[in-house]
Amino acid sequence: DAKTTQPNSMESNEEEPVHLPCNHSTISGTDYIHWYRQLPSQGPEYVIHGLTSNVNNRMASLAIAEDRKSSTLILHRATLRDAAVYYCILRDRRNQFYFGTGTSLTVIP
Amino acid sequence: DTEVTQTPKHLVMGMTNKKSLKCEQHMGHRAMYWYKQKAKKPPELMFVYSYEKLSINESVPSRFSPECPNSSLLNLHLHALQPEDSALYLCASSHGASNTEAFFGQGTRLTVV
Chain E
1 DAKTTQPNSM
11 ESNEEEPVHL
21 PCNHSTISGT
31 DYIHWYRQLP
41 SQGPEYVIHG
51 LTSNVNNRMA
61 SLAIAEDRKS
71 STLILHRATL
81 RDAAVYYCIL
91 RDRRNQFYFG
101 TGTSLTVIP
Chain W
1 DTEVTQTPKH
11 LVMGMTNKKS
21 LKCEQHMGHR
31 AMYWYKQKAK
41 KPPELMFVYS
51 YEKLSINESV
61 PSRFSPECPN
71 SSLLNLHLHA
81 LQPEDSALYL
91 CASSHGASNT
101 EAFFGQGTRL
111 TVV
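Just so you know, the sequences run in chain order E and W.
Take 1 as the starting number for the first sequence in this note's numbering and just add one per residue.
Take 1 as the starting number for the second sequence in this note's numbering and just add one per residue.
So that you can see chain E by itself, here it is in the shape it has in the complex (with noise of 0.2 Å):
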């Protein structure tokens, strides 16, 4: 199964964009990289998820490295309500679903 790190916690001031990293090396050439996020007392609500070209939606960006060993969530004005663990998954053709350790982010008014 495939393996994603990401920093436990990270902070960012309201209204400011947020870019959350996540590392996944042993990405192979068919897996796709999915971001999620889960408030507390809910199930993980998906945000965006990619291949290899970077992705925008309403709800944030993706940047995806060339190598796609790493890849960035960009959230592009933090809000109160973005404050949430946000997972960086690798999901395969098997249907494997894996999560990491995910990034607690706060947002501080």
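Bear in mind the hints are in silico, worked out from the structure with no lab data behind them.
Bear in mind that the values here come from a model prediction, so they are computed numbers and not experimental data.
Be aware that one or more of the hints could be misleading.
Stated by the list, open to error - Derived list of chain E stretches under chain W, where covered just means 3 residues or more per stretch with a C-beta under 8 Å from a C-beta of chain W:
#1 29–38
#2 44–51
#3 70–82
As the list claims (entries may be wrong) - Below, a list of computed lysine-lysine pairs in the DSS-like style, where the Cα atoms sit at most 30 Å apart:
#4 W/40 to E/69
#5 E/3 to W/38
#6 W/38 to E/69
#7 W/19 to W/41
#8 W/41 to E/3
#9 W/18 to E/3
#10 W/18 to W/53
#11 W/41 to W/18
#12 W/53 to W/9
#13 W/40 to W/9
#14 W/19 to E/3
#15 W/9 to W/41
#16 E/69 to E/3
#17 W/38 to W/18
#18 E/69 to W/41
#19 W/18 to W/40
#20 W/40 to W/22
#21 W/19 to W/40
Each residue gets a CB set at the ideal place from its N, CA and C atoms; glycine is no exception.
Take the given structure of chain E and dock chain W to it, following the hints.
Relative to the frame of chain E, chain W by itself:
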């Protein structure tokens, strides 16, 4: 409808009880998952069903028994659990391809006494 519904939301059971957790989705997803999550830890994959067949069992003890009666339903039957099995049990579903997102339910908070 983009919801995964899990019932019950909370469950307290004794170590000799038999109970079941239920998960339902109506998005036409053919992959369904059970995860276990302890406090302040990431979710741990337990089982994956693909097209109603068990495709992954992550060496889960036999006191947890999954069942997928049809493409919309996923059950987790519990028997003779231990207090250390107390956790949040999460269900998820997705289309089969790895380039699609998964949808998670809100979980069942299980306490074994």
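Exercise. For which of the previously enumerated hints does the structure constitute a violation, in increasing order of number?
Worked result: 3, 9, 14
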